[in-house]
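Number of protein chains: 2
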Amino acid sequence: MSLVVVGSVAYDSIQTPLGGRDDMLGGSGTFFSIAASAFTRTSLVAVVGEDFAADDLALLQAHNVDLTGLVTAPGRTFRWGGRYHEDMNGRDTLFTELNVFETFAPVLSPSQRESGFVFLGNIQPKLQDHVLEQVRSPRFVAADTMNLWIDIARAELCEVLRRVDAIFVNDEEARMLTGKRSVVLAAKEIQAFGPNMVIIKRGEHGAIVFNEDDIFYVPAYPLERVVDPTGAGDSFAGAFVGYLEATGDLSSENVRRAAVVGSLMASFCVEGYGVERLKRVDRVAIRERYQAFSELTRFGVLDL
Amino acid sequence: MSLVVVGSVAYDSIQTPLGGRDDMLGGSGTFFSIAASAFTRTSLVAVVGEDFAADDLALLQAHNVDLTGLVTAPGRTFRWGGRYHEDMNGRDTLFTELNVFETFAPVLSPSQRESGFVFLGNIQPKLQDHVLEQVRSPRFVAADTMNLWIDIARAELCEVLRRVDAIFVNDEEARMLTGKRSVVLAAKEIQAFGPNMVIIKRGEHGAIVFNEDDIFYVPAYPLERVVDPTGAGDSFAGAFVGYLEATGDLSSENVRRAAVVGSLMASFCVEGYGVERLKRVDRVAIRERYQAFSELTRFGVLDL
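If you read the sequences in order, they're chains A and B.
Going by our numbering, the first sequence opens with residue 32, and the numbers climb by one from there.
Going by our numbering, the second sequence opens with residue 32, and the numbers climb by one from there.
Incorrect hints may appear among the rest.
Listed below are the simulated SDA-like cross-link pairs for lysine to any residue, each with C-alpha atoms no more than 20 Å apart in a straight line [said to hold, decoys possible]:
| hint | chain 1 | residue 1 | chain 2 | residue 2 |
| --- | --- | --- | --- | --- |
| 1 | B | 211 | A | 47 |
| 2 | A | 211 | B | 256 |
| 3 | A | 211 | B | 260 |
| 4 | A | 219 | B | 118 |
| 5 | B | 219 | A | 323 |
| 6 | B | 219 | A | 255 |
| 7 | A | 211 | B | 254 |
| 8 | A | 310 | A | 71 |
| 9 | A | 211 | B | 302 |
| 10 | A | 219 | A | 202 |
| 11 | B | 211 | A | 122 |
| 12 | B | 157 | B | 196 |
| 13 | A | 211 | B | 50 |
| 14 | A | 211 | B | 46 |
| 15 | B | 310 | A | 335 |
| 16 | B | 310 | B | 87 |
| 17 | A | 219 | B | 254 |
Rather than coming from a laboratory, the hints here were simulated on the basis of the structure.
Full structure from sequences and hints, please.
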């Protein structure tokens with residue numbers, strides 16, 4: 032197995048100003064794996080409960096996800112409920128039922144320990160570190176995190192940062208983590224903590240990739256209708272890391288392409304509830320939207 | 032005169048988390064004219080009080096601004112005070128002293144009436160319309176506005192929109208004006224009101240230009256230190272319209288270049304208090320930052 036992801040598999044209940052859905056397949060590991068499946072096979076390390084639907088297992092398998100690391104534990108699958116604000120940016124958590132996730136202790140199989148590419152979804156930094164202990168000599172490790180861990184587990188998170196190649200954070204998390212107002216200074220300080228690559232996610236404004244000294248601005252695709260923002264960040268990460276693994280090319284030029292692929296996959300994700308749009312993305316759609324991104328940002332030389 | 036701008040000339044008092052300054056030269060007409068001066072001569076239609084400093088007049092003249100339309104009226108110059116929030120995005124108005132601006136009724140000279148390019152700064156829509164009545168057959172008219180006018184003078188603003196080629200608004204104003212959540216749908220609806228070109232300003236996230244069917248995403252230059260955001264929008268507009276006037280080329284390719292030039296000029300503006308950085312921008316600095324923008328957004332083809 033060359034790309035392993037450790038994250039959540041969940042049932043999400045979402046309300047937006049446009050409507051809602053209950054108990055949809057979700058979770059960081061799910062969005063990541065399905066997004067990555069456009070480029071490569073992913074090995075998913077996660078836990079589900081006895082209520083996890085056969086259809087959902089089949090969906091993951093149909094997306095080339097290796098499920099030997101998906102444990103079924105006694106009890107119910109992790110559930111999360113959220114309500115998005117009018118502007119579709121902010122959201123409130125309505126409930127969190129950890130269920131089987133509460134005692135999740137990811138264990139990698141011998142082949143997963145040999146993975147070249149690793150993604151640590153947004154779980155407790157201590158668990159992320161526990162996964163890193165098990166991987167033998169990965170070529171590229173990326174991690175996601177959130178404000179909660181910056182708040183209550185900063186030391187453990189800093190330990191993870193010391194050991195990863197890339198970290199995904201949003202503007203607010205970057206500022207929280209560093210106390211720097213400027214996203215440029217914040218990213219530089221996070222780089223000094225360890226990762227060469229800091230990907231600042233900015234929702235409908237796209238992302239900025241700080242990759243050693245290279246700075247790359249990738250827009251978000253301008254959509255007429257955002258249905259459900261859930262999973263956008265994990266879809267970005269899945270396509271980004273999946274593309275890097277599939278191409279095996281970590282040059283700054285290819286990291287830029289990976290970021291565009293990440294942003295376009297996030298744009299597909301938010302066009303439907305849960306994974307309903309994401310699961311239907313094929314290479315034709317990717318090539319078309321990649322071309323649209325090129326058009327969106329292209330400009331000629333200045334004759335001055 | 033080929034480019035005429037109608038706007039405010041003011042003394043601003045600014046507080047930011049980093050510090051502050053009192054009674055600095057400011058106002059939409061000022062920022063616009065100085066930004067445009069990198070490319071072309073601007074004719075400024077505005078009013079100041081008897082307290083307006085000779086140094087400030089000299090500064091405008093040194094920037095190739097025609098001041099025959101700058102009226103000195105009995106009383107004090109327009110004053111505005113504001114305090115920026117910790118994140119440097121939001122701000123509170125501390126005071127507004129309209130002073131001579133209260134009775135401002137812009138009158139264009141015969142040569143100004145022949146202008147090919149017109150910029151209507153953020154003043155009452157009724158006054159913007161009053162200016163439009165005086166211009167004979169402009170080639171390109173752009174206007175700025177704000178939430179206040181959308182709120183209290185929507186009908187007059189819609190009348191202005193019917194008559195302009197381009198409108199500058201931010202995300203929030205675009206949504207207020209149309210009730211559309213998606214910036215794409217909002218921009219399309221504003222285009223239906225009249226202007227072919229809708230420039231959505233997004234502060235530290237750059238801007239999106241909707242130009243007939245063309246959509247162009249221009250980032251903001253990632254700065255390590257933002258000193259004072261005041262005037263960024265007017266600097267964008269000044270460089271944008273000034274560049275279009277200087278080149279005389281309204282093709283979509285050139286509009287994209289103009290937007291990059293606008294965004295880079297806004298980035299210079301916010302690097303200093305008031306106009307202190309903006310006034311020192313030369314063509315060498317513009318060329319360098321334009322090249323930096325190219326680097327920031329460039330990516331190769333996808334081999335998939």
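Right, here's what the structure says about each hint:
1. Taking the CA atoms of residue 211(B) and residue 47(A), the gap is about 15 Å. The hint holds against a cut of 20 Å.
2. For the hint linking residue 211(A) to residue 256(B), the alpha-carbon distance of about 10 Å falls within 20 Å, and the restraint holds.
3. Straight-line distance between C-alpha atoms of residue 211(A) and residue 260(B) comes to about 17 Å, which keeps the hinted pair within the 20 Å bound.
4. Distance restraint check for residue 219(A) and residue 118(B): the Cα-Cα separation of roughly 18 Å lies within the 20 Å cut-off, and the hinted pair is therefore satisfied.
5. Between residue 219(B) and residue 323(A) the alpha-carbon distance is near 18 Å, which keeps this suggested pair within the 20 Å criterion.
6. Simply put, residue 219(B) and residue 255(A) have alpha-carbon atoms about 10 Å apart, close enough for the 20 Å limit, and the pair holds.
7. Of the supplied pair hints, the one linking residue 211(A) and residue 254(B) holds, its CA atoms being roughly 12 Å apart against a limit of 20 Å.
8. For the proposed pair residue 310(A) and residue 71(A), the alpha carbon gap of about 14 Å is at most 20 Å, so the pair holds.
9. Annotation: proposed proximity of residue 211(A) to residue 302(B) holds, straight-line Cα distance about 17 Å (limit 20 Å).
10. This hinted pair checks out: residue 219(A) and residue 202(A) have alpha carbons roughly 13 Å apart, not beyond 20 Å.
11. For the suggested pair residue 211(B) and residue 122(A), the alpha carbons sit about 19 Å apart, so the restraint of at most 20 Å is met.
12. For the given pair, residue 157(B) sits about 17 Å from residue 196(B) by alpha-carbon distance, which is consistent with the 20 Å threshold.
13. For the given pair, residue 211(A) sits about 16 Å from residue 50(B) by alpha-carbon distance, which is consistent with the 20 Å threshold.
14. With a C-alpha separation of about 19 Å, the suggested pairing of residue 211(A) with residue 46(B) holds against the 20 Å cut-off.
15. About 19 Å separates the Cα atoms of residue 310(B) and residue 335(A), which keeps this hinted pair within 20 Å; it holds.
16. Proximity of residue 310(B) to residue 87(B) is assessed by CA-CA distance (about 11 Å); at most 20 Å being required, the pair is judged to hold.
17. Distance check on the hinted pair: residue 219(A) and residue 254(B) sit about 12 Å apart at the alpha-carbon level, within 20 Å; holds.
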